[in-house]
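Protein chains in written order, with the UniProt record's numbering: chain C, 1 to 401; chain Z, 1 to 308.
Think of the hints as simulated: they come from the structure by calculation, not from any bench.
Facing chain Z, a subset of chain C residues (Cβ under 10 Å, in silico):
| id | residue |
| --- | --- |
| 1 | Y135 |
| 2 | L145 |
| 3 | E156 |
| 4 | K399 |
| 5 | L401 |
Note that the coordinates shown come from a computational prediction; the quantities given were computed from them, not determined experimentally. Ideal Cβ placement from N, Cα and C applies to all residues, glycine included.
Each chain, letter by letter, is given below.
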Amino acid sequence: MMADDLDELMVLVKICVKECMMYCSEWLVASGEWMTNNPSAVVSRWRAQLQVQCPRTDLMTYLSRNKLFSFIRRLSTVQNELTRETLQRSTQLTTNRLEDVGLSKDERKSVLEDCTEDISHVATYLKPTFNFAAYVNKSETLQQLVMLNVNLSLLEKNKEAVPYVLGLNFEKDVKNHVVWLSELGIDNIGWFLTKNPFIFRESLENLLVRINYMKSKNFSDSMITAIISRNPTWLMFSTQQIDERLGFFQIEFCLTGRQVRALAVQQPKLITYSKHRVKINIFAFKEEMGLNSDEVKSVLLKKPNLFMKNQIGLLKTFEYVHKDMGIPIERIVDMPEVLFCRLFRLKQRHLFLKSLGRAMYDAKKPNYVSLRTLVSGSDVNFCDNVAKSSIQTFNAFLKTL
Amino acid sequence: MGMKVLTDSAETVWKSLNGLLCVYKPADVSCNNVCKTIAYKITSELNHMNCRQPIDYVSIEGDPSKHLTVIRRPNLADHPLVVGERYHPDDVRCTWSSFLGFNTSGVLLLGLQNGTKTAFYIRMSKLMRAYRIKGKLGRATDNFYKDGKVVEKTTYKFIKRHHLDGLLASMQSAHQKKMFELCGVELQSQTAYDLAIQGPIRPADSKIPVIYGIKCVHFDSPDFIIEVHCINEYETYLKTLIHEIGIKLRSTANCTGIQCIRHSYFDLDKALLRKHWTLQSIVTNLEQCSNVINEHQNLIRQDSVTLQ
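Isolated chain C, as found in the complex (with noise of 0.2 Å):
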């Protein structure tokens, strides 16, 4: 009952800071005296304060009615002990009680006789902040994280990964799994770390169901550690989900088992990828650049990058590639990558050729101009090999354009 009430109470708290953005920083610093103090005392001053300042007055009344009331009322049987506890957890702060420093409630002296314990270490919470840096010297689990070579700087970016991260508890939540996966072959646990810090979440129980399930399908121990190590994410899909997932490239495509578990190594972010995204580029292969069943499959098995790409600029390029530069479809699907090219890039070389008189895309013709050559390599190479013309002339047409 009492900690349903602590996180029906964070709830609501979230709510407020929600709503109130501009009073986010009072709310917090509230927060922090609420757990040291009397908790109905704080929440009627909020209440105050919601009156005084909250602009949304429906919000306010709904809070008054409904939550608020109940909640002082019932908020005074909750023990200090549990939620000094939760603010421990959240800091990752040695609190120091009275009894741990060696004061007893009864054996209070006067303020005027001369103090000779050491109360050094009895310090404040830490304020709000905002980033980790304020609690790195004092946190352990961050430090041990730092040592993997998490990169805190960019986990605050995300919001929901900072409560989250201080909360956790090096030895009981960290450890094992880490453990656990650098024994699965993961060499980069740092960046893995950093792409998904939510890992933590889920126990190495449901983890080893999820790598037994890969088993059952026939993925290789090193096709294993490919996929979990180019796509820290996959982890946190459930059985279902990933079946569910594979399932749908193999229908949507007609793919064998093995052209599947290729694929999944070959980009295995694209598994987890947004559903809607990849339906919406394989709609823009099929209807929009009328591409057939077969050429999407084997542009999905040359480049399955392409599926994750955004469409419109995926359009713009093949607009170019085939109407301005008049490459047929077939040669497309032959070499995809042509469609990864920047377009900017593919105009400024498909003009330079043209203004030399080169640009030559058909194979039986002399002077032709493959399109793997032609987007790849760098602009010295471009120009000795392809354009067989100096980068003083290339640099100096780029200057017209």
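Since the structure of chain C is provided, determine the placement of chain Z on it from the hints.
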């Protein structure tokens, strides 16, 4: 030729990154985007150089009633993994001296760090810019540019080079007359005469576009290219110019490309191409531009109404 970055210390390079930068802005990229890209390029390269080490964390530990020890250990709160890389693109101040529109390509002057002041002075001194504008006869679009919706189609075979030349000459003379009107002096007065003998003059108002020279440099019907020397122009103005030319020629025309080829003393040779936006080239370019400014002090401090 230019200055070469010899040091390996990011701090030294960072402190030297002040001044004016002359870049080649590609078409279909906004000025804002160019600034951001350059700031990103600079900081990412600086972060790969020798950056500042984390400072020490000093803590005093022990029992205060007995013995205290001072302990220094590396400060994790200053570690790049915790506070982020040493140089962040937001730290770079970068702004343009004269705005170029989205579809315009060509010479763009950017002020970097303390050079943003120089960029501001250059904007205030209203320097002349030269544009090469491509047009195509036969079609009018709703936004006067090639990507707009076609609203009218006309014949254009009857238009010859001399038609265009004649029209442009009359436009130029009309603008030169306007130049004196904008000065606020009576045309038939001694003051106007005194101004006129000084040569072309710059407008006091920074809003009204003035064209000093306009000529056709290429005519291959239906495509043509005109070169315009002007002050206070903006992208839409140049597009409508092509549209007007089309109408005056008893046909229609739309703009197919705008390129700024010169901004006072800064021409295409000095402009950095997009692929050359690297720390080394930027430092070299900053030095070249500062040489130009030192040679021509009138770039940042104008004390005469005449055009230089």
